[in-house]
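> Using my numbering, read the sequence shown as starting at 1299 and increasing by one per residue.
Don't read these hints as lab results, they were simulated from the structure. Don't take every hint at face value.
Straight-line Cα separation of at most 27 Å, DSSO-like style, residue types lysine-lysine; simulated pairs [as the list claims (entries may be wrong)]:
hint, residue 1, residue 2
1, Lys1409, Lys1653
2, Lys1647, Lys1661
3, Lys1411, Lys1441
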Amino acid sequence: MSVSTIRTKYLIIGAGLSGLSAAHHLKENYLLMEANNFVGGNASTLFHKGFKLDNSVHVLYFRSNTILDWIRDTIQVELLERNRESTVWVENSYVSFPIQYHLFELPFNSKQKSIRSILLTLFLNSGKKSTNFEAYSQKAFGKYLADIFIRPYNEKLFGVPLVQLNTDWLGDYVPAYSRIKMLLSALNSSGSVVGRNSKYYYPAEGGIAVLAQKISSQLYRSPDYNTRLEKIFVDEKKAIFNDGIEVNYEILINTIPLDTFVNKFHSIPNDVSNSLKSLKKQPTTILHILGKGKINNEAHWIYIPNQTIPFYRVTIPGNINPLNCPDGYFALTLEFGGDVFENQLVLEKSISALKAMSLLNEKNTNIEFRWKLLDYGYVIYDQYRETALIRIFSFLKSNRIFSIGRYGSWEYSNMEDAILHGKNVASYLLNTETTVL
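Construct the entire structure; sequences and hints are all you get.
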């Protein structure tokens, strides 16, 4: 294999939303390297027989209008605005999400238990901050709601006991709680619009993939596809790729998973190597179920805490955007914590559960299954994560390396955050390019 050497000021690894955003905001003097033959990373879409199937739930929601306006006006993606329709399948019935603000929908006995456990939190909880998610969930929602929803759902999602999770990741991903509103919801709905994604946006056509595709189409220089990082010589500021290309860079921006990235280094300090071993994550398995017929459920997605049901969430893509499914056909997207790729027993249990939930019936025909494994689904926020990241990022920054994005930063974040990561690092570099970073 012949070797060619390229020089660039900014080398960007990965053309997901963070990498694309960084390239867009840097404007020039960069190389954007992508291992796949498409952009977007996990924010991509499977196009199959007229279906547009995203990797799990990928909808856009925002803290402010900054990125929303950028997507609409600069990137020129037409967006649908949606009010969230979401439910929880609990105790063999559907309850609106967030469940803690829809107690009136619970069976009478369950409602009474929820009320009593919430009242108990008023007397038993001190003002001391909860140090783990298990303690937080019981303090915030009461033991009963923690038992029937918070704990079983999140343990399916993360794959670890809640006592091992800290509360650093909660932010606005777990809806804020008000015990008074929760108690009042036993009489009627008191919080149907609670939560950061109570209003969300989705591309009018093309699935979520159109977002990354549109950003890519406006770049000064297109990504280099099928170009996989093989080795980095940090001291020499040199990166080696699978196609024989050597890139000499001044500043490196990484967006691929942090542990994968650092393990490409030719030499790793012992403290950094040990810190990498502290980073934990949970894979996610996706199963798309396609068929002919209709889904008689208006929810956009449904949370499933029941431990006897393998999947933790099911999305109905056609309810998010009717153009995601061909006329007369439906799709269901199931998400499983961990690697259950093409597991026949899991499939059988899932089909039975979907029938019990009235999401599948005997009238549905032409059923087809499409599996996908995401090696990186959710990072684990345990007691070791923060200390490990401080050591790793300190080493990276001292070598003019910035690691951003959901997995590059090793965090729980969404698409707005991913785009902001790229924008912010570009702004920082352009404003400090004459200094030692």
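> A separate judgement is required for each hint: does it hold in the structure or not?
Checked hints:
1. Straight-line distance between C-alpha atoms of Lys1409 and Lys1653 comes to about 26 Å, which keeps the hinted pair within the 27 Å bound.
2. The suggested pairing of Lys1647 with Lys1661 holds, with an alpha-carbon distance near 19 Å, which does not exceed 27 Å.
3. With a C-alpha separation of about 9 Å, the suggested pair Lys1411 and Lys1441 falls inside the 27 Å cut-off, and the hint holds.
Every hint from the earlier list agrees with this structure, and none is contradicted.
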